[in-house]
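Chains as they are written, first to last, in full-length UniProt numbering: chain A, 1 to 674; chain B, 1 to 410.
Treat the hints with caution; some may be incorrect.
[Claimed, not checked] A few chain A residues that don't get close to chain B, going by computed Cβ distances all over 10 Å: (1) V13; (2) S25; (3) S34; (4) D46; (5) N98; (6) E128; (7) E155; (8) L303; (9) L361; (10) G592; (11) E636.
[Claimed, not checked] Now the in silico label distances, taken between C-beta atoms and shown as ranges: (12) A:G56 to B:T366: 41 to 47 Å; (13) A:Q59 to B:R341: 35 to 41 Å; (14) B:V410 to A:E250: 49 to 55 Å; (15) B:A320 to A:N132: 30 to 36 Å; (16) A:D514 to B:R136: 30 to 36 Å.
Source of the hints: derived by calculation from the structure; they are not laboratory data.
All figures in this text were calculated on a predicted structure; none of them were measured in a lab.
C-beta: ideal position from N, C-alpha, C; glycine also.
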Amino acid sequence: MSEHQSASQAPAVNFDKLVQKLDESIAALEESRSFAKAGKLPKLFDTARRVLLQPGGCQAIEERARRLEEAGVYDGTDWAEPAILIPSLTTYSLQSPNADTVVIEAFSELRLLAVARGEYLHPGLSAEQAHNYLTQVLAINLGLLFGMTGEAEREQGKLALISQALVQHVASHIGYEHVIDSLIEEIWRILEQRPIRVTDARRMITQIAICRADTDADLGGAGRGADRLISSLYGPTRVCSEDPGTVVYEQRLETMDSAGLQNEATGFARSMHDTGLVSPYHASFVRFILTDWDSLLSDALGLSSTGRDCLMCYRELVHALIQESVFPETAQGLYGLALLLERGILYQPPVAPALWRQVRLSLCPEARERLQLANGYEPKPSAWLMQGVMNMLGQPLGVGQGNNPTCQSARALSMWAYNDPDYLLQMVAWAARDNEIVMHFEGQPVSSARSASGVASEVTLDLDPVSLVVVPHLDRIYAEMGRLCIGREGDPHRWVNPEFHGWSAGRGFAINVDVATGKLADLEGFIRHFYASYHPYYNGSQPLIHPQPAGVAVTDSAARFIGWHAITILRVTLDPESEMRVYFFNPNNDSGQNWGDGVQVSTSGCGERFGESSLPFEQFTSRLYIYHYDPLERGEPAEVNDDELRRVTEGVYRTWGEDRVPADLLQAQPPRTD
Amino acid sequence: MTEQNYNPEKGYIALLGWSLNAIEAADKFDRKYVVVAPDWAEPYCTEHNIPYLPWNFERLNDRSVEIAQTLQEMGVDVAIPLFEETVEWAGAINSVLMGNPRLFGQAMLLRDKALMKRRAQLGGIRVGIFEEAHDREDVVRFLKRVNQTLLKLDGDPNDPIHLKAFDKAGCLGHRVIRTPDEVDTIPDEEFPVLMESHLDGWEFAVEAWIHNGKIRFLNISEYVTLGYSVFVPATPDLEKYRAEITAQIEKLIKTFDIEFGFVHPEYFVTSDGTMYFGEVAYRPPGFKVFELLERSYGFNAYQGMILAFDPKTTEEEIAAFFPKEVEDAKGYSGCFGVYPRRRVVSRLEIPDETENHEYFESHELTPPVEETVTKRTAFGTHWGLIYFFGEDPYVMRDLLKHQEDLDFYV
């Protein structure tokens, strides 16, 4: 693990002592007369927040639900009347960056849970009402329930852990069966983006499978749509359809004839390409056919003629990759391998030798340790890493940042995998073998081993194997490059982005926010140049050549500004409806976000390839705040017509630019009437 | 009026100023009380049944006698100031209630930092060099003269001087000036000010409860870094001066002719053990030292004030109330005032090492209201306090010091 993981230095918390402090604060509130109660709340809320952060914290609060209410924590708030609470509002309070809001919401949910379970006879609410309310709360907070986190949760910091623990605690007592249908839809939506890391999806599917197997759970009509998902993991073919376990399955394979094996091969391939999920049986099968039946490999991977050609040319390498890294635990690597072959990148001269190096790479203890912490001890860490490498090369747009503020590093990995695969392999080798990456910033070497902390104080383990090993290094280098820009006027991305991502990132730089004041600056010029550089109607129909880093102002569903976020612009072209769209990569784990004011990022159905997000050109431009261009190629500012320009600028003013309008601009405009 | 049981032997006490902690303490105590506060407090007091008398504490004027008479008619025996701004009001009111006009003069003395220093000097108390300034030129002249006295040559770095408003509490309006350039940054409205030479030494504060001209409880508060952190009781390193400090306080109450109440002076002790008087206030200290004392000793410091002020308090009552200094403390409690260290902050995040420390008690920090942090001029206002409690004074001291290197707003 990297030396930056500050959490490990923090002393352990004595839970009993903490709960005792909580009881003291509740007692102080109980003893206070009405006028003094407000003064006791901050300490109580803060102590409760710390309790909730601990395992068993929700239980401790639930047990005190009645005391808390009677002591007066809800006095003077909306929560004082549980009967009038609206489930859909919990999303906002649970995602609030304000600790007190999260804590009081947690108090209230746990109180309702106590009511629903009959532990607390509430004067204003029946157990049925409480149960019904909690079911709705779970359904609309599914993301929290399964640890799918977005930008808003990251902004929330550690508080997000409370919300997650709370929802999971409630679900484990109320029952998952009440939320299953919306969950299934959610899983399909995520899988359509073909993420590399499918741990969350697997966990959700497993949860559903457990619910369905549980005869006590009354699912009614719910959960029918889950069949394909469950079978893709636990029984994708005829011979393993009843989930016999890999040992039994391997015995069955021994006695099968060629027609039977052929059926299995196509069955596996169909299921894999259907969902993007790989069953552990698939790994057993592929290992089995490698010895005597390797002619079935192409079918088992579901390859097209391109992929098959590539497989034929690099048969030995592919065998080595499978031998080294494909095990039931790392089955997901097969999907990466299939797509990697389909991409034809093995034909680039350095890629195959670099993969051979990867096969034999010996890992440094730090990389080993991170891989083991995240994935366990079986199979060996190098197999996990190899799996990650195959997936990243096969699914460059499936990279996710996990719950880390490291969108730049995730974006860089994706960009290299997409555009410069041998460079990515070089980075992986340096990070995994040498525990050091050296990049150059304007000629000056920047070493990850000698740089101070990165943007993230601690890089969490919810990442794919490559990110797990490489991101801590990249993050430190990125932060160090930022530090080297201290004292320069303007936004450091101007210099850092091209140096960090590689020569293909344009050296020209446009930003529409004045760094010193945070106000909008030359919005119109910014938009016109963007059209001139990227929009095919204005740039002479030149398709984008290299993926370009860009920055967007992310807004939430209410169109409120959340934060700056790094993305990659991949292509700009007409969608099936003949609307001009920007297709981009968002390193966020779930790109299908609602950015408010009518801007809903699409991830499928508008001509997107797997992992791409897209927005109509205008809508995209209204959230853009940084882009790069080639200063030698860009022509004159585009003659964008006034209507279009106005729609874009108004989109900015209505959302993230609302309080960034410079004072002189305000004077020039007639007063707005809203 | 309230649900408490009152001692029928006693009269009323009046609290001057709005402090919920003080009201709560009074409410739980055995004296009848009334809160004198501006009229914005009225709805709250009505809603919560708090005995209340509206009064706007502006400068003293001819109507001032009204409040004194009203309180007298209610049966109030003494007025207790809770804030710097109400000290002179308490003096004026008490001089009427107790028929002792000198109390008002004493209060005025305690309200004006320049007068206070003069009086201390007259009483034979050692103070630094000080002077009043009416404009920026006065400040430049004083800065030069102080540094000439220290035999500095042109070009040597100056010793700083301190500027304080005459009549504000604690760190409000406190600036440190090192060069004549910095003088230009002082806004006009801050004049006149008191200027003092800088004393290198260990600064500490004392809280003393006085009844019948005698010290009934004397606490020494140790500052780890001025304006950042304080804890009680002090380390043995500072407590070893207790006898000298007590002698200094006795000198102080004699010089200022203080018979009853509560004083909160600040001193420097230099490396050779000499004590320099800084200033004294006749009201509860800022930085929540009262809360710290309650955590360490278990007595409520506001209730201690009520006892010390009330002329009807008996010797037995007061003797039974206060514990024995240092010996009776259950542990050391301290607090740290957080200033954001970054220029731009987006949220509050208590570092794990702070929050998970065995000594950590609680905090009063709130999420940032603005993203951009205003630059601090010398001693600004902190954004909230963090409380610690533990067994070992040195662990406490180092822990508080260490907090200065951490980010609470990121």
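Right, here's what the structure says about each hint:
no. : hint                         : in the structure
1   : V13                          : 5 Å, violated
2   : S25                          : 8 Å, violated
3   : S34                          : 5 Å, violated
4   : D46                          : 5 Å, violated
5   : N98                          : 5 Å, violated
6   : E128                         : 36 Å, holds
7   : E155                         : 7 Å, violated
8   : L303                         : 48 Å, holds
9   : L361                         : 34 Å, holds
10  : G592                         : 25 Å, holds
11  : E636                         : 36 Å, holds
12  : A:G56 to B:T366: 41 to 47 Å  : 28 Å, violated
13  : A:Q59 to B:R341: 35 to 41 Å  : 37 Å, holds
14  : B:V410 to A:E250: 49 to 55 Å : 52 Å, holds
15  : B:A320 to A:N132: 30 to 36 Å : 58 Å, violated
16  : A:D514 to B:R136: 30 to 36 Å : 34 Å, holds
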